[in-house]
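Asker: Now for the letters of each chain:
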Amino acid sequence: MSDDQQRHLLDPKLPYLMGARIDKAMADDAMRTAVTSTTAAKDVLRKEVFANSFAERYPAIKREAARIKAHCLDNLRHYIDKFAGAVEGLGGKVHFASDSQEANRICVAIAKAEGARLCVKSKSMVTEEAFLVRDLEDAGVETVETDLGEFIVQLDRDAPSHIVTPMIHKDRRAAGRAMQRELQVEYSEDPSKLTAIARSYLRDKFRHADLGISGANFLIAESGSLVLCTNEGNAGLSVTSPRVHVVFAGIEKVIPRLSDLPFFLKLLARSGTGQDLTVYTNIISGPRRSSDPDGPEELHFILLDNGRSKVLASDQSELLACIRCGACLNACPVFRAVGGGHAYGAVYSGPIGAALTPLLRGLENYPDLPQASSLCGACHEACPVDIDLPKHFVSLRRAQIEQQIVGWRERLAYRLWAKSMRSALLFRMGSRMGRIALGLLSSRQSGKAGDRRWLMRLPWPMKAWSMDRDLPMPARRSFRQLWKSECGVGKNG
Amino acid sequence: MFNNGFHPEASSLARRMVGVFDGFEYVVTNSASCAAMVREKFPDLFSQDSPDAEAARALAAKTFEFIEFLDRVLALKPEDLGIPWQGVATYHPSCHLRSLGSDPCPSYLAGVDGLDIRPMDKASDCCGFGGTFALKYPKISSTMVREKLASIERTGADFLISNDAGCSLSLLGACHRRGLPIRTLSYAEILAEGLGLLAPDEAQA
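Keeping their order, the protein sequence lines are chains B and A. Just so it is clear: in the first sequence, position 316 is 316 by the working numbering, and no numbers are missing. One gets the working numbering by counting positions in the second sequence from 1 and adding 1000 to each.
Wrong hints could be hidden among the right ones.
What the hints assert, rightly or not - With a straight-line Cα cutoff of 20 Å, these simulated SDA-like cross-link-like pairs (lysine to any residue) come out:
{"#": "1", "chain 1": "B", "residue 1": "K47", "chain 2": "A", "residue 2": "D1121"}
{"#": "2", "chain 1": "A", "residue 1": "K1136", "chain 2": "B", "residue 2": "R77"}
{"#": "3", "chain 1": "A", "residue 1": "K1062", "chain 2": "A", "residue 2": "D1080"}
{"#": "4", "chain 1": "B", "residue 1": "K391", "chain 2": "A", "residue 2": "L1045"}
Calculated from the structure, these hints are not laboratory results.
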C-alpha cells in the first residue's frame, strides 16, 4: 500500500528545496494547529516529568547519557562484534548491509526463502529510511504496519511526519475517512471505535502473518538482546507470532550492557511521551528455545550502515548518539511553523533530521535543512543525550560555504562586511551612512511609544523583514556618541 | 557571521574585538546573544593553544550580560534594589540565556515595586528572529513571531521585557506592524527609569 505519494513525501527529487512545502503548510492552518498543539503539549509534559523525576540532577544525567553513548560510538566496532557473537551464540543470525538497497535485498531474500506472503511490521525509523515496505510489496509480500499511527498513515497512503507520533499532522476525521474507504467500515471519528476497528483488523493479520519485522530501540552487546519499546503492544505481537522475525537496526543502536538499559529506558520514555516508562518493553534474546511457549523459529538482525560510518568518522559523530525520542521535534518552533515533518523532505525530520539528513544523503541535496533554524537551542535543551544540534547546523553551514553550496553573492557580502567592521573608520562611516539611508526610507508614524520614525517597506536584502515586521529608526544619538559625551572617551575611539 | 558559518571572517572580527576591550576589567552588554557569542563562541574560533585563543578566553571570562553583572559580579540582591516602576508587563527570556546558565531576571523583576508581571505561555519559545534566519526564511520566522505575539497578547501586558536586542527589535517591529501598543524594554531601562536616570521613552527617541 506504500505508493508514489509516500515515496515522494519522504524521498523527493533531489536537490530538495523546502519552499513549496513551507507554502503548503502556511496555507494549511488545521495541520499547523494540530502539530503545534500536540508538540507544545508534549514539550510541557516532558519538562514536568523531568522536573519531577530528576529536578536539578537532569543536566548531569544528560551528560552521563552522552558519555555512555560517546563511549559506544568510540568503540562501535568492538560492541557490534560482541553483539553479533552473542546473537549467533543464541542461534540468531546477523547480516551487515552497507546501504538500504542491500538491507532490503537481504530482507526480501529471507522472505522468499520462507515463502512469506504476509508480513506484520512494528514501527521502525530504519525501515522507513530504507523504504523497506515498498520493496517487500514489490516482491509480493503484503506488509502491514501495526503501530496505530503508522497503520492509519499507511491506509491513507500518506507518510509519517514525526519520529514518534507519525500521524501528528492528521486528525481523527482523516483517520475515520481512511478506514471507511480502505476497510469498508462505517465512518466514525470516535477514537475508541477507530482503535477497535484497527485492533480487529490487525489481530487477523497477526494470526496469519508468516514474517514479523521490527526495528530496535536498543541492542545489548553483552547478551545479544533486542529491546523494543511500544505503548500498544504491537511490537510483541508482530515478532512473536510469525515464524520468522527480522530486525532492522542502525549500527549505532548498540549499548554495552543490560545494566545500562534502565538508564536509557527512563530517558527515552520521559523524553518521547512524558511517561515514566513505555507501556511495553520487550527484551528479546535469540529465537524460540524449546522451552519457550512461543516466539519465532528464526531471528535475523540486519544492521544498516547507510552513511553512518562516514558520520562516525567525521567531527559530527555525536549525531549518532540520538535515541530517536522525538523530544527535539516537540520542542522546535520551526517544526511547528512548517506543519511537521513533511516539509523536511526526508525520513528524519525536525532538528535531528535537519542535521542528520544532509550527512546521510548529501549536503548538496538538502541546502535548506541546516539553514532553516533560528538556532534558538530548544532542541539542545530537550535532547536527553545532550546533542548540541545548533552547533551542528553551524558546522554544516560552514561546510556549505567550503563546498560553495552557499552562493558567491552571500560569500562576498560577508567578506566585505567583515572587512568594514575591522576598521573603526569604516565602521563609523557605515553606521552613519546606514542611518541616513534608513532616514530617507522612513515615514513618520505616531504610536503609543512616542513620536518615532518607522520603516514599513525595506529594499533588498532587508525586504523579507518588512513582510511581517516594521523597523524602528535607530536612536538619534548612537550608543558610541552617548558613551563619548557622558562617560568620557573610550579606547580606540 | 559566525552563525552562518563564516568562521574565518568571524575570527578576524573576534581578534579585533579582543584588542578593543583589552585592558578593561569587565565588559558588560545589554543583550544576551552578544554575551553568548563572546563567551561561548569566541574561544572556539581559534586553535586551542594559540595566544589568540587565550586572549579570547580572557575576554570571555570578563564579559557579562547586564543582569548577570548585577547578579554575579556586583552581587546586588533583587529585593534590596527596591526600585519603583509602575506597569503591567510580561517577560520574554532570550534563547541565548539558555547557554549562559540560569536566568536571574525573573527574580530581579519580582523585586521591582509596582511592576505587575504576567507570565506568558510557551515563554521559552523563540521569537523567530535568529539573525539572517528572519531574512532567509521570512515565512517560518513570521509564523513564529505571530505565535509569540499571541502569547504576549494573552497576558494583557502593556510592556514586554526582554534582555536581548535581537528579540526586542523583532518583537517591537511585529507589534508595530499589527498596531499593538506594546512597548519593549530591557531590565536595564526599568532600572534606569526607576532610579530616575532615564526619562521614560528617552531611550527610544
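Asker: For each hint, tell me whether it holds in the structure or not.
Answerer: Structure-based check of all given hints:
A distance of roughly 14 Å separates the Cα atoms of K47 of chain B and D1121 of chain A; the hinted pair therefore holds under the 20 Å criterion. Only pairs whose Cα atoms come within 20 Å are accepted, and K1136 of chain A paired with R77 of chain B is rejected, the gap being roughly 41 Å. In summary, the hint linking K1062 of chain A to D1080 of chain A is not supported, as the alpha carbons are separated by about 25 Å, beyond the 20 Å threshold. A threshold of 20 Å between alpha carbons decides the hint, and for K391 of chain B with L1045 of chain A the separation of about 13 Å falls inside it, so the pair holds.
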